[in-house]
Amino acid sequence: MREMKFYDQKNNLTSIGRQEILDKTVSGKDVSIKVRSTTYTAEDSEVYSAELDLLCENGIFKFDMKNFLDPNTMATYKEMGVEISGDNLAYPPDLKTGDALPDGNIKMVVKNNEITLLTITVAISGRTVDSREELTTDAGKFSCYKIKYNTMSKVGFITVNTSAVEWIAEGVGVVRNETYNKKGKLTGYSVLTKYNN
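Positions 104 to 300 (the working numbering) are the ones given, in order, by the sequence shown.
Hints are computed from structural coordinates only; laboratory data are not their basis. There may be inaccurate statements among the hints.
As the list claims (entries may be wrong) - With a cut-off of at most 25 Å between alpha-carbon atoms, the simulated DSS-like pairs for lysine-lysine come out as follows:
id, residue 1, residue 2
1, Lys181, Lys244
2, Lys165, Lys113
3, Lys181, Lys249
4, Lys181, Lys108
5, Lys108, Lys132
6, Lys132, Lys214
7, Lys132, Lys181
8, Lys113, Lys285
9, Lys251, Lys285
10, Lys214, Lys251
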């Protein structure tokens, strides 16, 4: 089980995310993991729950881009027809400082009786491995790759561009993530607070 806590720029807890493994399939060198990801309010009330697919194919780890969709938005439209498509984020093996990583994107179309109500697009680009760092959180001490990237989120006609820094530990996933607005100001961050392998 993994638990991430999300904070705003003033260090106020805004939400909690928990993930638990539902199923794991190993086929040769390939591993497929089905995870239930649940988002809670700061008061620990459930907001939204979804199943994510995590894959490792030929040593390349693929992260489900559904994780980048806003849980509050998903909860609002969960009773409607939702079509999701895109390319998941890939993390090649043997990361090194200076590596450029593949882009990722996801598109969600909300429909009601075949009428499109809303289109949401999230695109991740400019991913580079910045450095290797040790990070300590309530979940323990981790050896991490520090990765920087840009995010473009489009909801209807409104587009928001941000940048982010994430610390990834092999076999663990995201340990910390920081998000910045287009002026470079911190808007929020998340930290791994519990981890049971």
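Distance restraint between lysine 108 and lysine 132, which requires alpha-carbon spacing of 25 Å or less: 32 Å, violated
Proposed proximity, lysine 249 with lysine 181 (alpha carbon, max 25 Å): Distance of about 34 Å is beyond 25 Å: violated.
Lysine 165 paired with lysine 113 [C-alpha distance capped at 25 Å]: Violated - the C-alpha atoms of lysine 113 and lysine 165 are around 32 Å apart, more than 25 Å.
Restraint status (C-alpha distance of lysine 181 to lysine 244 at most 25 Å): Answer violated: lysine 181 to lysine 244 is near 37 Å, above 25 Å.
Holds or violated: lysine 132 to lysine 214, with C-alpha atoms at most 25 Å apart: 39 Å, violated
Pair hint lysine 113 and lysine 285, alpha-carbon separation not exceeding 25 Å: Holds, because 18 Å separates the two Cα atoms, which is no more than 25 Å.
25 Å Cα cutoff - pair lysine 181, lysine 108: The given pair, whose Cα atoms are some 23 Å apart, holds under the 25 Å limit.
Holds or violated: lysine 132 to lysine 181, with C-alpha atoms at most 25 Å apart: At roughly 35 Å apart (the allowed maximum being 25 Å), lysine 181 and lysine 132 break the hint.
Restraint status (C-alpha distance of lysine 251 to lysine 285 at most 25 Å): 14 Å, holds
Hinted pair lysine 214 and lysine 251, Cα distance within 25 Å: It is violated: about 34 Å lies between the C-alpha atoms, which goes past 25 Å.
Hint compliance for this structure: hints 1, 2, 3, 5, 6, 7 and 10 are not met, and every other hint is.
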